[in-house]
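*Asks:* Here are the chains, one letter per residue:
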Amino acid sequence: MPYKTIKTINVRHLQILDESGHAADPAEASAFSDDQLKAFFKALLQLRIYNDLALSLQREGRIGTYPSYYGQEAAQAGSALAMEKADWLFPTFRETGVYLLMGLPATNLFRYWLGDERGMKIPEGINVMPMSVPVGSHIPHATGAAMAMKYKKRKEAAVAYFGDGASSRGDFHEALNMAGVYKAPAVFICMNNQWAISLPRSAQCAGDTIAQRAFSYGFEGLQVDGNDMLAVYKATKDALDKAKSGGGPTLIECITYRLGNHTTADDAKRYRSEAELAKWMGREPLKRFRAYMKDRGIWNEDYEKEVSAGIRADIDKAIKEAEATAPPELKEIILNTNAEQTARQVRELEENGWLK
Amino acid sequence: MAEVDSKKAVTSPRLKVTMVKALNMALDEQLAADEDVLLMGEDVGLDGGVFRVSDGLLAKYGKERIIDTPLAELGILGAAFGMSVYGLKPIVEIQFMAFIYEAIEQVFSHITRTRSRSRGRFTCNMVIRTPYGLGIKGPELHSDSTEAIFCHMPGLKVVVPSSPYNAKGLLAAAVADPDPVLFVEPARLYRGLKAHVPEEPYTVPLSKAEIIQEGSELTVIAWGSMLHKALEATEGYGAEVIDLLTLKPFDEDTILNSVKKTGRVVIVHEATGFCGLGAEISAFIGEHSILHLKAPVLRCTGPDAVVPMALLEKYYMPSVERIARTYKKVMEF
Chain A
4 MPYKTIKTIN
14 VRHLQILDES
24 GHAADPAEAS
34 AFSDDQLKAF
44 FKALLQLRIY
54 NDLALSLQRE
64 GRIGTYPSYY
74 GQEAAQAGSA
84 LAMEKADWLF
94 PTFRETGVYL
104 LMGLPATNLF
114 RYWLGDERGM
124 KIPEGINVMP
134 MSVPVGSHIP
144 HATGAAMAMK
154 YKKRKEAAVA
164 YFGDGASSRG
174 DFHEALNMAG
184 VYKAPAVFIC
194 MNNQWAISLP
204 RSAQCAGDTI
214 AQRAFSYGFE
224 GLQVDGNDML
234 AVYKATKDAL
244 DKAKSGGGPT
254 LIECITYRLG
264 NHTTADDAKR
274 YRSEAELAKW
284 MGREPLKRFR
294 AYMKDRGIWN
304 EDYEKEVSAG
314 IRADIDKAIK
324 EAEATAPPEL
334 KEIILNTNAE
344 QTARQVRELE
354 ENGWLK
Chain B
3 MAEVDSKKAV
13 TSPRLKVTMV
23 KALNMALDEQ
33 LAADEDVLLM
43 GEDVGLDGGV
53 FRVSDGLLAK
63 YGKERIIDTP
73 LAELGILGAA
83 FGMSVYGLKP
93 IVEIQFMAFI
103 YEAIEQVFSH
113 ITRTRSRSRG
123 RFTCNMVIRT
133 PYGLGIKGPE
143 LHSDSTEAIF
153 CHMPGLKVVV
163 PSSPYNAKGL
173 LAAAVADPDP
183 VLFVEPARLY
193 RGLKAHVPEE
203 PYTVPLSKAE
213 IIQEGSELTV
223 IAWGSMLHKA
233 LEATEGYGAE
243 VIDLLTLKPF
253 DEDTILNSVK
263 KTGRVVIVHE
273 ATGFCGLGAE
283 ISAFIGEHSI
293 LHLKAPVLRC
303 TGPDAVVPMA
313 LLEKYYMPSV
323 ERIARTYKKV
333 MEF
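Chains as they are written, first to last, in this note's numbering: chain A, 4 to 359; chain B, 3 to 335.
Just so you know, these hints were derived from the structure itself, not from any lab.
A virtual CB, placed ideally from N, CA and C, is assigned to each residue, including glycine.
Be aware that one or more of the hints could be misleading.
Unchecked claim - Here's a subset of chain B near chain A, in silico, CB distances under 8 Å, partners left out:
1) Thr71
2) Gly80
3) Glu107
4) Gln108
5) Ser111
6) His112
7) Phe124
8) Arg193
9) Pro310
Claimed, not checked - Label-pair distances were calculated between CB atoms; the ranges are:
10) B:Glu234 - A:Ala346: 25 to 35 Å
11) A:Gly313 - B:Asp45: 53 to 63 Å
12) B:Ala35 - A:Gly128: 52 to 62 Å
13) A:Val349 - B:Cys277: 22 to 32 Å
14) A:Glu354 - B:Asp45: 42 to 52 Å
15) B:Lys316 - A:Tyr274: 55 to 65 Å
16) A:Cys208 - B:Lys316: 41 to 51 Å
The following block holds chain A by itself, in its conformation from the complex (with noise of 0.2 Å):
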């Protein structure tokens, strides 16, 4: 036998909750406390909340084209909760359900949504990167700013989220590769929905998982039940911990699915079919996440009713700030554009009125 196996790798998998909600780790399971299991349903229901009212609000007219994190609830709030305030997050547009996490306030997201880049003017001591809109071309700035970390010596890591279209371009390997090479403390978070709008995750790729590839720069890529909401917390916890102690990065592939369109400029019905759509109903976050609750005693539908309402009042609230701001003005990006004018600038200011 002329060739030798010089290398076999292991993707690990991870998942807590089973499909219908019960534990299927019952050790991991119980180490959750019930205060945590109410926060983590809270954010849960808050996600669910403010997406479902930007798709109503979208319907109306009152923003612009929306895309729906619906079905990614639990892969965004289980990752976002188990951040810390230091750490650094780059996300995609898809993210919505993570700002909020992270702390950005409800009326930026709207505002931003509406078509007003004031709402990326991110509040001081949030360090959360505006939304990125070429697809991958933000994952190499979370190996960066974790490079920087490293080399200031502060305990904090960078945290990039895409999708599994993200994973074909090069930006996502020249990203992974100089994080392997730097150990910088970085988390690569994979949202794979199984669709880039009409590609399927099999004809993205021909690998088996995306999580294998972290292998190929060093460091290890795992799978983890995106729609369970303890283990992308546990993962992203662990992944963390382990950047802030020296051990570089690691990537973690969320299997999830969107439920619903691309953008509200999409229309799925055209490439998947409907019985793909039932059986992903199935696994669906919040059910599932209610199930466990249920079993661990700590649910009724008064006590999510009473939730439910309050996480309304306050979206409903950054509503209406967002829709009373006054509109921005074409001067604010021009005055933004170098941090002092252009000779050209003023004048186009001066002589178009823009200043006034």
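Fit chain B to the known structure of chain A by using the hints.
*Replies:* Coordinates of chain B only, in the frame set by chain A:
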């Protein structure tokens, strides 16, 4: 090649050095002055850069600050962006100007836009250094001169030194600038001329052109390696020669004052003429000074063809003779 030394009074000790050495001195000063300044790129550490601009810096500052990167321009510029929004001041070397094309999305979609996108919360204090231009007998795509593409993108400054003195001072000013600067170094001049530069730190301000020869008959506008040919070709004319130094945003006042005086303008650049920076300068002069003009503004540029390899270099690059013919045309109009 004519030596262009600064006319500015300098009292400190001066060294006669190449542009490579002057840039090395500037990098050394910036690294010494601020621990948030890092240098990163392909072969910048152990090898000291393929042109040796960072020679000796790895030994002095260590691999945490002089970062030899994997061969990945997109990854390098993307990571540098992440560093700069976090608060560091990376200086990135892209080995040759055409190698930045892989990473242009980072420049156009993130580096130049983050201040605007975040309304000032995140900024990008970054310098991208890269050699440009013909005259080094390089392989294909080692001699491009595509500065105009970058001038088109709001939010980016584009700077081209022409002498060891201004290379050192402009690089210091570029690092101090809170916004991203593309610092385009004329490869042909790296070792092609020596001049006196002060040992001590100094800056040459961005967005200020320098009049390197005064005159009242003809205004010549050039930068980088073409400056020297443009200057040589002025023999016989009372030409005022402007070294633009910062291409974006360029020094409007120096140009208009000179045009008022001479009424005749030639712009010389190595890059292809169509949508080249000369077109923008010419339009600017037309918009602001048409009644002072005695002749059309003419450009002497590279042809509408891809940048060639060694054997065609001298034909592509505007020669002293070709530049002189353009001057004559404007003078005789």
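*Asks:* Each hint: holds or not?
*Replies:* Now for the hints, and whether the structure bears them out:
no., hint, result
1, Thr71, "holds, 7 Å"
2, Gly80, "holds, 3 Å"
3, Glu107, "holds, 5 Å"
4, Gln108, "holds, 7 Å"
5, Ser111, "holds, 5 Å"
6, His112, "holds, 7 Å"
7, Phe124, "holds, 7 Å"
8, Arg193, "violated, 32 Å"
9, Pro310, "violated, 29 Å"
10, B:Glu234 - A:Ala346: 25 to 35 Å, "holds, 31 Å"
11, A:Gly313 - B:Asp45: 53 to 63 Å, "holds, 58 Å"
12, B:Ala35 - A:Gly128: 52 to 62 Å, "violated, 29 Å"
13, A:Val349 - B:Cys277: 22 to 32 Å, "holds, 25 Å"
14, A:Glu354 - B:Asp45: 42 to 52 Å, "holds, 48 Å"
15, B:Lys316 - A:Tyr274: 55 to 65 Å, "holds, 57 Å"
16, A:Cys208 - B:Lys316: 41 to 51 Å, "holds, 49 Å"
Checked against the numbered hints above, the structure breaks hints 8, 9, 12 and satisfies the rest.
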